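Engineer: Protein chains in written order, with this note's numbering: chain B, 67 to 381; chain S, 95 to 342.
Treat the hints as calculated values from the structure; they're not laboratory data.
All figures in this text were calculated on a predicted structure; none of them were measured in a lab.
All C-beta atoms, glycine included, are put in the ideal place defined by N, C-alpha and C.
Treat the hints with care, as some may be off.
To be verified - Chain S side only, calculated, beta carbon under 10 Å to chain B, not exhaustive:
| id | residue |
| --- | --- |
| 1 | Thr148 |
| 2 | Arg171 |
| 3 | Glu178 |
| 4 | Lys246 |
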Amino acid sequence: MWTIFRKELSDHFTSTRFLITFALILMVAAVTTYTAATNLRQALEGVAKPSHVFLLLFTTSGQLFSLAQFNAFFGPLIGIILGFDAINRERNDNTLSKLISQPIFRDAVINGKFLAGVTTIALMLSSMVLLITGLGLLSVGVVPGGDEAGRLAVYLFVSIAYVSFWMGLAILFSILFRSLATSALAAVALWIFFSFFIGFAASLVAGAIAPVDNPRDPRQVVANRNAEDAASLASPVVLYSQATSTILDPFRRTRQNLTMVGPMERFSMERFRNPLPLDQSILVVVPYLTLMIGLTVVCFGLSYVIFMRQEVRST
Amino acid sequence: MAAVIETQGLTRRYGRFTAVDVLTFQVQEGDVFGFLGPNGAGKTTTLLMLLGLTEPTSGSARVLGFDPVRQPLEIKRQVGYLPENVGFYDELTARENLDYVARLNQLPAGVADRNIATALGQVGLTEVGNKRVGQFSRGMRQRLGLAELLIKDPKLIFLDEPTLGLDPDGINKILDLILSLSRDRGITVVLSSHLLDQVQRTCSRIGIMMKGRMVATGTIGELARRKSGPDEAGETLEQIYMRYFQEA
Ligand SMILES: Nc1ncnc2c1ncn2[C@@H]1O[C@H](COP(=O)(O)OP(=O)(O)OP(=O)(O)O)[C@@H](O)[C@H]1O
Ligand SMILES: [Mg+2]
Numbered sequence: 067m068w069t070i071f072r073k074e075l076s077d078h079f080t081s082t083r084f085l086i087t088f089a090l091i092l093m094v095a096a097v098t099t100y101t102a103a104t105n106l107r108q109a110l111e112g113v114a115k116p117s118h119v120f121l122l123l124f125t126t127s128g129q130l131f132s133l134a135q136f137n138a139f140f141g142p143l144i145g146i147i148l149g150f151d152a153i154n155r156e157r158n159d160n161t162l163s164k165l166i167s168q169p170i171f172r173d174a175v176i177n178g179k180f181l182a183g184v185t186t187i188a189l190m191l192s193s194m195v196l197l198i199t200g201l202g203l204l205s206v207g208v209v210p211g212g213d214e215a216g217r218l219a220v221y222l223f224v225s226i227a228y229v230s231f232w233m234g235l236a237i238l239f240s241i242l243f244r245s246l247a248t249s250a251l252a253a254v255a256l257w258i259f260f261s262f263f264i265g266f267a268a269s270l271v272a273g274a275i276a277p278v279d280n281p282r283d284p285r286q287v288v289a290n291r292n293a294e295d296a297a298s299l300a301s302p303v304v305l306y307s308q309a310t311s312t313i314l315d316p317f318r319r320t321r322q323n324l325t326m327v328g329p330m331e332r333f334s335m336e337r338f339r340n341p342l343p344l345d346q347s348i349l350v351v352v353p354y355l356t357l358m359i360g361l362t363v364v365c366f367g368l369s370y371v372i373f374m375r376q377e378v379r380s381t
Numbered sequence: 095m096a097a098v099i100e101t102q103g104l105t106r107r108y109g110r111f112t113a114v115d116v117l118t119f120q121v122q123e124g125d126v127f128g129f130l131g132p133n134g135a136g137k138t139t140t141l142l143m144l145l146g147l148t149e150p151t152s153g154s155a156r157v158l159g160f161d162p163v164r165q166p167l168e169i170k171r172q173v174g175y176l177p178e179n180v181g182f183y184d185e186l187t188a189r190e191n192l193d194y195v196a197r198l199n200q201l202p203a204g205v206a207d208r209n210i211a212t213a214l215g216q217v218g219l220t221e222v223g224n225k226r227v228g229q230f231s232r233g234m235r236q237r238l239g240l241a242e243l244l245i246k247d248p249k250l251i252f253l254d255e256p257t258l259g260l261d262p263d264g265i266n267k268i269l270d271l272i273l274s275l276s277r278d279r280g281i282t283v284v285l286s287s288h289l290l291d292q293v294q295r296t297c298s299r300i301g302i303m304m305k306g307r308m309v310a311t312g313t314i315g316e317l318a319r320r321k322s323g324p325d326e327a328g329e330t331l332e333q334i335y336m337r338y339f340q341e342a
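With the hints as extra help, turn the sequences into a complete structure.
Structural biologist: Rendered as structure tokens:
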């Protein structure tokens with residue numbers, strides 16, 4: 067398996083498409099950090115004792131979006147790019163039948179590819195976070211404290227899990243579909259659906275299970291709203307955004323929208339605006355993380371089972 | 095002489111279609127076994143089952159004394175398989191492709207280097223060893239495929255239409271190479287092909303498969319006698335084959 071792992075890894079790092087994606091991501095990260103830092107510097111002027119400034123680099127939007135948003139949106143694309151042709155390219159090139167007629171277990175092929183992909187993702191995201199740290203040091207002069215470093219580590223971990231999920235999904239499609247174009251399109255379609263249309267789908271679902279007959283009945287509205295939130299959690303994109311916003315924004319107390327919070331509650335929130343400690347934040351994130359890793363494991367498991375049963379012949 | 099391949103009622107169905115139908119045959123050590131049959135007879139399917147790449151629906155097989163279903167790794171360690179269409183990693187050089195296969199076979203580095211050099215020499219690709227396979231011609235790829243089998247020092251090789259798409263000179267070279275492997279290194283060869291004069295030139299024994307069944311096995315002389323009586327022993331393989339074909 068390690069032989070396959072090493073080959074896949076070197077394939078990733080020498081492929082043009084990986085280099086382009088990587089360059090693009092680092093570039094966007096740099097530009098966004100830079101603009102965010104500029105905005106931050108202005109905002110922080112005159113603030114006596116700002117806290118958690120470093121994390122603001124991720125959550126402040128530059129021109130258009132914040133880095134956290136960018137990752138939530140484009141992370142899947144990285145995963146898809148790394149995985150969509152994992153198996154079907156080898157099948158079409160007839161290298162798969164050669165590969166499995168060597169004295170290796172068949173699952174070594176899929177394990178090696180998966181592991182190489184996750185390693186690539188980890189390296190990519192880590193270098194991105196390092197780059198941002200460096201830029202932050204230079205432009206704002208903020209040094210991440212211990213608490214912030216911990217949060218960043220958790221953020222990195224959750225992000226790796228998230229991108230790995232999309233890679234797992236893409237690999238699954240590369241096993242299911244013979245054609246490269248089909249597997250890429252299928253993965254991209256799901257990505258677009260989960261990014262853009264999930265809100266719409268979730269409100270449909272919520273309308274079905276918790277209809278609001280009387281818009282003035284607060285209980286009905288709340289039930290509908292809860293159903294909608296729950297339904298939208300079916301989207302890994304939403305899962306990821308919620309998990310990371312809790313981790314990156316320590317002042318966030320609740321996962322609910324502000325509209326849902328009563329006036330007294332809001333008052334108390336503002337009154338006691340202390341950061342949620344890191345361990346508490348992690349507690350909030352764990353269920354999301356578990357779900358995301360669970361989804362990845364499901365993709366991997368399905369890929370594994372289907373691949374092991376597929377007949378491979380060269381055509 | 096020991097049987098290198100032995101099957102007992104080997105059967106493979108795809109849905110309701112029977113691709114290989116209660117196949118029982120043997121290949122002896124040192125044979126160059128010509129595996130004949132029209133398109134769709136089930137030759138490739140049989141080879142896949144012998145390698146443990148496809149599970150038989152029923153029946154059993156032994157290859158070098160191992161059961162392909164339970165001990166596929168032992169078989170793959172000693173058996174080289176050249177599929178109908180060989181694939182390579184086009185962005186790697188010939189040598190890198192071979193090196194990858196050597197590592198998958200867990201050959202020690204020194205042995206691998208030596209075997210790769212020898213194999214490239216045997217198939218006449220030493221000069222282009224550092225060229226990307228993407229730039230290879232069909233014949234060069236076919237020869238590289240053979241080299242890939244040789245680096246693991248196999249006891250038995252399966253060649254599925256190894257001369258497909260080669261020019262006459264290329265065909266002769268490959269056939270000569272196959273013969274020398276059998277003669278000098280004692281490798282048992284199973285060769286599937288549609289080009290009967292080639293098979294007649296190279297193979298010591300023949301098996302003819304039709305619609306998933308083995309309709310005849312033996313030397314060319316034996317097949318001729320069985321089909322057409324003792325006075326027809328001089329018939330070419332082509333004539334014999336056509337008789338079996340018309341009968342089926
Ligand atoms: N996955 C599959 N599903 C259904 N039928 C299959 C499948 N694979 C092979 N077959 C059928 O099994 C039969 C035997 O195929 P096989 O490839 O073994 O033939 P072959 O003897 O190698 O033919 P050729 O000389 O054309 O290579 C064919 O009729 C083919 O259509
Ligand atoms: Mg065939």
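Engineer: Hint by hint, say whether it matches the structure.
Structural biologist: To see whether the hints hold, each was checked on the structure:
no., hint, result
1, Thr148, "holds, 5 Å"
2, Arg171, "holds, 4 Å"
3, Glu178, "holds, 5 Å"
4, Lys246, "holds, 8 Å"
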